[in-house]
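Asks: Going down the list, the sequences are from chains A and B.
Numbers 1 to 220, taken from our numbering, label the letters of the first sequence in order.
Numbers 221 to 601, taken from our numbering, label the letters of the second sequence in order.
Derived from the structure by calculation, the hints contain no laboratory data.
Being a predicted model, the structure only gives us computed values, none of them experimental.
Please note: incorrect hints may appear among the correct ones.
As the list claims (entries may be wrong) - With a straight-line cut-off of 30 Å between C-alpha atoms, the simulated DSBU-like cross-links for lysine-lysine are: (1) B/Lys400 x B/Lys338; (2) B/Lys267 x A/Lys112; (3) B/Lys265 x B/Lys443; (4) A/Lys112 x B/Lys599; (5) A/Lys112 x B/Lys598.
Here is what each chain is made of, one letter per residue.
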Amino acid sequence: VYVQQTQQLAGWILSKNGSYLVQGIQETIFLALMSTTLGAVMAIPVGFLAARNLMGGNAFTMGIYFLVRTILNIVRSIEPLIIAIVFVVIVGLGPFPGVIAITMHTVAALGKLFSEVIEGIDPGPLEAIRAVGGNWAQMVRYAVIPQIVPPIMSFTIYRWDINVRTSTIIGFVGGGGIGFYLYQWIIKGDYRAVGSAFIAIVIIVMILDFVSARIRARLV
Amino acid sequence: MNPKNSNRRRSFLTYFLILLAIAAYVYGYGVTQIDPIKLITSLSKGKDIIADLINPDLFTHETQQTTLDLPFPVPCGTGEEAQPVSSGSRITTNVACANARDMITVQGYDLVVNHRVKLQWLLPDGNILFSDLAQTDDRGNFTKQIEVRPIVSAANGVISHLQAVTTVDVGGLVPSQALKDVVNKIMETIFMALLATGAGTIIAGPVSFFAARNIMGNGVFGKIGYTITRTILNVTRSYDSLVLATVFALWLSFGPFPGVVALTIVTIASLGKLFSEAVENIDPGPLEAVHTTGANAAQVIRYAVIPQIIPDFISYIIYHWDINVRISTILGFVGGGGIGFYLSQRINVLEYRKAGTAIWAIVAVVWAMDFLSAEIRKKVT
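Turn these sequences into a full structure, and let the hints guide you.
Replies: Structure representation (structure tokens):
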């Protein structure tokens, strides 16, 4: 006959699901951060290529403009989750396919917004700098950048908010983050774990919303 | 504090924030397991998949199948052997019967020229066992060596038949099964979005008044009602509709219905907030004007509030219909109905061309919705 006794030894420690939760949240936050940053960096050159006023010069650049625009429109219509399900097959499970998927969608979405920012710049300051004898680099530095940086920052932060929400669910198809564990828990019927994931999602989404609002107020 | 000191403090803070950001990125690089080398090494695999995805399965030729049949006893003596035929499309074997694991030579005559022929066994239990593929030459003949597998042995006095199947295209292009399925599912997707937007709007309309500060007033009950409504809307808005759809799919069983329910809840939360902002921004002038003529609260809403908010509401509803179509394309991933279920199934069974059909359909529909909603909103506002 075996007798087993369990005794509480010390204070609180994380349960198994609790440690999964912490790991999932960590992945979710950094998924959003990395893919927004990578996406925004890549979207800047893409935005220039998709700006009509810069590419309208001759037939060749116009061709590039239409090509880039078409690709952006196609990729933008495909939800990150669909891109992720394809990349999970290609590079395997984990946060990496999630990063690729969200980054691709971010490039497409921000590329279009950035190109509209570039198309909307006021030619007045450009002419003023040129009139005082500024060269091309000075024109970009003093007339173009001041006009496009605030809206670009604002759009990027707005995209960050969206990506935080997306990265909570990208794990449903194996793309990492809290969604991966949440999906398992829902399927398994472990509703206490599901509840903690729900609370965690509300907390991180609200905190990051608050942080992004503060950063936006600072920068823009 | 002198200005120099505060300057120094500020630059210290800047450096600290930059360091913190670098640390976050380095740490995040590890946590998210970013691996460019893996991306490059798996490129060959990805190339095939993506090539299939951008080459969707849309149309197919009408086909006709011809099957040539030859009774073939295994082992010898278990059944009647085939009578040799000498004209027309036919297959023959170098021996009339064989034992298990023998190699036999199959020859075909006067078949379709330069075409692929599938060799198969019709087993005694009625199942088909694939054997090999052969290619006919320019006279329509082929020769192929195949092995007699033990499974084709006669059972209960019934013998196996050797069959040669040719499939030829006849007639023009017809929509493939994949295209029919996708069209069917994409219609379901659009109507899911439409239903959810409609139901969400009907509920969000009244809810938005409870979340509007100017309507709720400054009384204690007003403030409590406002805070509760706003909090519920904010919490609900934090969840992606997919999370809710998973829960409802488990609760209400799989299908479009849990998807519509989840989408409706998300629509209420987000339209409720947008609507309440529209209500908060109304001009108080007309309200006072109607009020001073002795109208009651219902008349104030009817003649002063509603005319001001209708254009904004319609614009938001159409905008949200657009968003809902996008979301409903992925609800099927978690059992919420629509095209997503078909798409994830096709990817799971590695039928990437059919998955490609679904993805192109999604692109077309989202594009069309984008265009349509922009046009309608331009007209309305």
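Asks: So, for every hint listed, does it hold in this structure?
Replies: Hints versus structure:
1. A distance of roughly 28 Å separates the Cα atoms of B/Lys400 and B/Lys338; the hinted pair therefore holds under the 30 Å criterion.
2. For the suggested pair B/Lys267 and A/Lys112, the alpha carbons sit about 26 Å apart, so the restraint of at most 30 Å is met.
3. Annotation: proposed proximity of B/Lys265 to B/Lys443 is violated, straight-line Cα distance about 59 Å (limit 30 Å).
4. A distance of roughly 23 Å separates the Cα atoms of A/Lys112 and B/Lys599; the hinted pair therefore holds under the 30 Å criterion.
5. This hinted pair checks out: A/Lys112 and B/Lys598 have alpha carbons roughly 20 Å apart, not beyond 30 Å.
Hint 3 from the earlier list is the only one contradicted by this structure; the remaining hints agree with it.
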